[in-house]
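2 protein chains.
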Amino acid sequence: MLGHVKIALSKFRITPSTARLFAPRLATRTKTTHQANMSSVNQATAQSKVINYENMNPHIKRVEYAVRGELAIRADSLKQVRFIIIGPSCFTIDVRILIDSLHPFSIPLNTPPPAAYQELTQGDTLPFKTIINSNIGNPQQLNQKPITFFRQVASLVDNPDLLSPENRELLLKLYPSDAIERAELLLHNIGSIGAYSHSQGIPHIRQNVARFIERRDGYPADPSKIFLTQGASAGVQNILQVLTEGPSTGIMIPIPQYPLYSATIALFNATPVPYSLDESQDWGLDPKKLASSIGQARAKGVDVRALCIINPGNPTGQCLSEANMHEIVDFCHRERVVLLADEVYQTNVYQPAQRPFHSFKKVLRSMGPTYADFELVSFHSVSKGMVGECGRRGGYFECTGLDPRVLEQIYKIASVSLCPNVHGQIMVDLMTNPPQEGQPSYPVYHAEVHGIYESLRRRAKRLADCFNTMEGVTCNDAQGAMYLFPRVRLPRKVIEEAKRQGRQPDEVYCLAMLDATGVCVVPGSGFGQEEGTWHFRSTFLPPEGLFDGFCAALEEFHREFMNKYRD
Amino acid sequence: MLGHVKIALSKFRITPSTARLFAPRLATRTKTTHQANMSSVNQATAQSKVINYENMNPHIKRVEYAVRGELAIRADSLKQVRFIIIGPSCFTIDVRILIDSLHPFSIPLNTPPPAAYQELTQGDTLPFKTIINSNIGNPQQLNQKPITFFRQVASLVDNPDLLSPENRELLLKLYPSDAIERAELLLHNIGSIGAYSHSQGIPHIRQNVARFIERRDGYPADPSKIFLTQGASAGVQNILQVLTEGPSTGIMIPIPQYPLYSATIALFNATPVPYSLDESQDWGLDPKKLASSIGQARAKGVDVRALCIINPGNPTGQCLSEANMHEIVDFCHRERVVLLADEVYQTNVYQPAQRPFHSFKKVLRSMGPTYADFELVSFHSVSKGMVGECGRRGGYFECTGLDPRVLEQIYKIASVSLCPNVHGQIMVDLMTNPPQEGQPSYPVYHAEVHGIYESLRRRAKRLADCFNTMEGVTCNDAQGAMYLFPRVRLPRKVIEEAKRQGRQPDEVYCLAMLDATGVCVVPGSGFGQEEGTWHFRSTFLPPEGLFDGFCAALEEFHREFMNKYRD
Chain A
1 MLGHVKIALS
11 KFRITPSTAR
21 LFAPRLATRT
31 KTTHQANMSS
41 VNQATAQSKV
51 INYENMNPHI
61 KRVEYAVRGE
71 LAIRADSLKQ
81 VRFIIIGPSC
91 FTIDVRILID
101 SLHPFSIPLN
111 TPPPAAYQEL
121 TQGDTLPFKT
131 IINSNIGNPQ
141 QLNQKPITFF
151 RQVASLVDNP
161 DLLSPENREL
171 LLKLYPSDAI
181 ERAELLLHNI
191 GSIGAYSHSQ
201 GIPHIRQNVA
211 RFIERRDGYP
221 ADPSKIFLTQ
231 GASAGVQNIL
241 QVLTEGPSTG
251 IMIPIPQYPL
261 YSATIALFNA
271 TPVPYSLDES
281 QDWGLDPKKL
291 ASSIGQARAK
301 GVDVRALCII
311 NPGNPTGQCL
321 SEANMHEIVD
331 FCHRERVVLL
341 ADEVYQTNVY
351 QPAQRPFHSF
361 KKVLRSMGPT
371 YADFELVSFH
381 SVSKGMVGEC
391 GRRGGYFECT
401 GLDPRVLEQI
411 YKIASVSLCP
421 NVHGQIMVDL
431 MTNPPQEGQP
441 SYPVYHAEVH
451 GIYESLRRRA
461 KRLADCFNTM
471 EGVTCNDAQG
481 AMYLFPRVRL
491 PRKVIEEAKR
501 QGRQPDEVYC
511 LAMLDATGVC
521 VVPGSGFGQE
531 EGTWHFRSTF
541 LPPEGLFDGF
551 CAALEEFHRE
561 FMNKYRD
Chain B
1 MLGHVKIALS
11 KFRITPSTAR
21 LFAPRLATRT
31 KTTHQANMSS
41 VNQATAQSKV
51 INYENMNPHI
61 KRVEYAVRGE
71 LAIRADSLKQ
81 VRFIIIGPSC
91 FTIDVRILID
101 SLHPFSIPLN
111 TPPPAAYQEL
121 TQGDTLPFKT
131 IINSNIGNPQ
141 QLNQKPITFF
151 RQVASLVDNP
161 DLLSPENREL
171 LLKLYPSDAI
181 ERAELLLHNI
191 GSIGAYSHSQ
201 GIPHIRQNVA
211 RFIERRDGYP
221 ADPSKIFLTQ
231 GASAGVQNIL
241 QVLTEGPSTG
251 IMIPIPQYPL
261 YSATIALFNA
271 TPVPYSLDES
281 QDWGLDPKKL
291 ASSIGQARAK
301 GVDVRALCII
311 NPGNPTGQCL
321 SEANMHEIVD
331 FCHRERVVLL
341 ADEVYQTNVY
351 QPAQRPFHSF
361 KKVLRSMGPT
371 YADFELVSFH
381 SVSKGMVGEC
391 GRRGGYFECT
401 GLDPRVLEQI
411 YKIASVSLCP
421 NVHGQIMVDL
431 MTNPPQEGQP
441 SYPVYHAEVH
451 GIYESLRRRA
461 KRLADCFNTM
471 EGVTCNDAQG
481 AMYLFPRVRL
491 PRKVIEEAKR
501 QGRQPDEVYC
511 LAMLDATGVC
521 VVPGSGFGQE
531 EGTWHFRSTF
541 LPPEGLFDGF
551 CAALEEFHRE
561 FMNKYRD
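Protein sequences, first through last, are from chains A and B.
Using the UniProt record's numbering, you'd call the opening residue of the first sequence number 1 and step up by one each time.
Using the UniProt record's numbering, you'd call the opening residue of the second sequence number 1 and step up by one each time.
Warning: the hint list may mix true and false statements.
Repeated chains share a single entry, so a pair holds when one copy, or any two copies, can fit it.
In silico lysine-lysine, DSBU-like type, Cα no more than 35 Å apart, as pairs [claimed, not checked]:
#1 499 x 289
#2 300 x 61
#3 499 x 412
#4 129 x 461
#5 145 x 173
#6 493 x 129
#7 412 x 145
#8 412 x 300
#9 362 x 61
#10 129 x 412
#11 61 x 493
#12 461 x 564
#13 129 x 145
#14 61 x 412
#15 362 x 288
#16 493 x 412
#17 412 x 461
#18 362 x 461
#19 564 x 499
#20 499 x 300
#21 289 x 493
Rather than coming from a laboratory, the hints here were simulated on the basis of the structure.
Extracted from the complex, chain A is given alone in its bound form (with noise of 0.2 Å):
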């Protein structure tokens, strides 16, 4: 493996043209850094502008977005050159040099250097020799291998002139009969994947979808209510955007929530209405506090109009159970609420017996007729699960009891983008449509499925273990998704030397853990957390073969930080 990284970084040199892809924000810093007075400096630069900071969209401004956030970009400024290395090992880094940040922007450009960033620039190592990228639900990124079948007709359909009859026989000893077959129906209902397809999504990918999902409930779903977007994300900001009339249209998150629901409030200029999950409950819903939130919200003149939620649960990990799932649909009609129902882990499940997943659709269906014009939106993604076709940009939405016209609008907006990537469409099409037993595929579908399935399932428990071993840390199973939400009891004197570097007190936390480790995780501040309780998320998708050496510096480096702090 280490042949293999010397070979790599023996090739990379540091001709212009690579120095030019981090030179100007190594040049800017350097000139900054020699200014007395930054801020005037800045100033003068904005107004010299047409756009500026002064007077670009103001929405835009107040987005955060943590998963990508300090913690992560620094991560990146650590890493001289990224490689990476199908097999065992991840990131693998050269210390020699600083290269900056690939990025356009950096660290804020007043904030003091950390203890390893400062060695660093000084020609010393770091005290790790991996960077591990646990801020993002990122699989393929850690080394999952794609589900062999959906990579061989994606290439199939990407190269029709391999399915021609003269190369039958060659095409027989590099690919099973099923993929060749299933990218020949693709092609013949698709015509060219280079051609913008329908707006709405390929009309027989959509019924696909539709079969699917009537499999999976047992109720039926229509294919002209289906949208096939560039991923989930996309998908929930399409639909809050339509939902949304103004500053007063309030939509309600959990909290904590993933990141892109507040974001798309900020942008969208509509109003986050918090409600939180119950840690205590395994972060389940209590509807009494959906209550408390809504009325208080509404007593401010907020127009609440959705609820949003992500099951199995990110950050937070929890499935819910059909009698949660009950009382939040009641909740939802009794107060005239669309239910968006965020579902892109829901075959991330790992105690499928006590907590199984249950969609929003079935749970609502399973209600009767009482229900039957409820508003609901469920989100789907090729991204997570175990195919974590995450580059694709694929996903759907299926929307139940939406007002026709609204309907309308929706595609309206879908047209003025085109449509959505026809790669991502037939990534859909396969999660949807895998191979079935009998067919040549199967087993090596099977296998790779439920190899990386009872991996995710251990690597989760040996997470958890790790985290509640630590002082003063406690941290609920997971019960679904890819994400642990371990909380933190932090010494006052880092809360105090938090205030002193005008961050959060779990910021202060990853950072030297970062720092420490190597290891980029998310301060629960980006997710939102019970006032006074401090938490982080990580993923637990690093390489099971890595996870003694990075649970052991975990470890590791909590016991040095709380020594460092202890009160």
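Please build the complex by placing chain B on the supplied structure of chain A, with the hints as guidance.
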């Protein structure tokens, strides 16, 4: 070919689940056409819904997008089944029954159905055999063959198993060595294409884009100022969103314009500031008109911040002269306006000696240090040119002279959507870095690009000639892009008929054309046009083999239409 169609038809059956694809729309129509008072019915439905047409986002309701508007929807509705056939024919229709639409909505319910539509519902047949979608620049929908090398590389990165040493011998029988090398290089730099990439785009690809721009323009380009996007449309939407502070923000757009611009401006609640292109000067820009347009807007208190230019033009096909581009840069500089240059048709240039393509970046840089601070954003796409990979949703924009703090915010917004789809990014790499002379794939690549280009040039000329022979029609030659925008002088009786129907006269003309010929074009009113003039936009993308029939049908339709309505 016909044999092929028959096989396809026989494979297609209206099963219950197929029918569901189409059924809801039909059901709605059936129900509502039997209602005496439709508006009260719609209101009742709307009021029972939490989110309804009345209280949804008002900016979305204002959006118009004619390219996929009523005409396109009706064209879809005339296709029972959508076949894309790799070969000389396009869509072929079986006209036994009418499927209303694949869309969740359709022609407004109170619109009287046109003649052909009525015939069809009565079991008669349409007067044509083929729907030709000339409404949208979607080359591969109309059988343009993708570039072989691009698809080969795309299929290899999809299926890295193919690249393992034990497959090499077989692989070399199916792939040229340079496609294999390129795929290996991309994978080495990307890792898995199933992982989220850097939100701004894969650094290796941004670097290649920068080199492409440098070779094209002869001036430096900075990868840290390049953002890869999901097609140029997504980039335009991002930038317009960033520029908009509120309804007082004015964005200058050409008339005629591509409706992405007006739609996006409506969506973000900014104010369009139209300026006219001069049809008598080959759709060039008159700086005096720019000055009068900005003056009028500013007199009304509009804060005009940006000027959008499409060059080569859509729908107008002009290539701006270098002198004209100097005037435009000068205007923006003097008036403190950001220039947004939509250059997606930069290789669709059909009079390269008289009217070559110049990028605004190059023209700007050639104007020297006075313009060093000039703010320019340039857009490009993989959907146009000889690439025509619309389904990938790939593109980029390059920012020149923007405030670094505004760049930070552009990055932040990109990060909320995680990343542009990696397949689209790879196509950007291939487009900007194609096979070079001496490489194994070069001869095929060169022949394919040259063949598509020469054919487009012939088709542009052939269709313009066809339009120019028609009574009362004048059409500028396409200097570039994929469209013609002929002017039609319509008799007074058409204008009266249009008033009766509550439509624009050019809509009446285009609907009649669709019903008579199966050719779907877009009325000029969807793009904007000088008052009292009528146009339509037609691509010249239909396969060359269809052109004789296509032109003859258009000529016959026009003759009959003019005879019917002659004053």
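Could you figure out if residue 564 and residue 499 sit no more than 35 Å apart (CA to CA) within one copy, between two copies, both or neither?
Classified as within: same-chain Cα gap 17 Å, cross-chain 81 Å, threshold 35 Å.
Please work out whether the CA atoms of residue 129 and residue 145 approach to 35 Å or closer within one copy, between two copies, in both situations, or in neither?
within (23 Å within a copy, 48 Å between copies)
Within, between, both or neither, where residue 493 and residue 412 count as close if Cα-Cα is 35 Å or less
between (55 Å within a copy, 32 Å between copies)
With 35 Å as the alpha-carbon cut-off, assign the pair residue 499 and residue 300 to within, between, both or neither.
Within. Shortest intra-copy distance 31 Å satisfies the 35 Å Cα cut-off; inter-copy 48 Å does not.
Within, between, both or neither, where residue 362 and residue 461 count as close if Cα-Cα is 35 Å or less
within (29 Å within a copy, 57 Å between copies)
I want to check one pair: residue 362 and residue 61. Are their C-alpha atoms no more than 35 Å apart within a copy, between two copies, both, or neither?
between (39 Å within a copy, 32 Å between copies)
As a check of your reading, is residue 289 near residue 493 (CA-CA no more than 35 Å) within one copy, between copies, both or neither?
within (33 Å within a copy, 66 Å between copies)
At 35 Å max between alpha carbons, let me know whether residue 412 reaches residue 461 within a copy, between copies, both or neither.
between (45 Å within a copy, 33 Å between copies)
At 35 Å max between alpha carbons, let me know whether residue 412 reaches residue 300 within a copy, between copies, both or neither.
So residue 412 and residue 300 pass the 35 Å test inside a copy (33 Å) and across (31 Å) alike.
Alpha-carbon proximity between residue 61 and residue 412, which holds within one copy, between copies, both or neither at 35 Å:
Both. Shortest intra-copy (27 Å) and inter-copy (9 Å) distances satisfy the 35 Å Cα cut-off.
Which holds for residue 145 with residue 173 at a C-alpha limit of 35 Å: within a copy, between copies, both or neither?
Both: 22 Å inside a chain and 27 Å across chains, each within 35 Å.
Checking an output row: residue 129 and residue 461, CA cutoff 35 Å. Within, between, both or neither?
Classified as within; 25 Å inside a copy, 63 Å across copies.
Hint violations for this structure: none, all hints satisfied.
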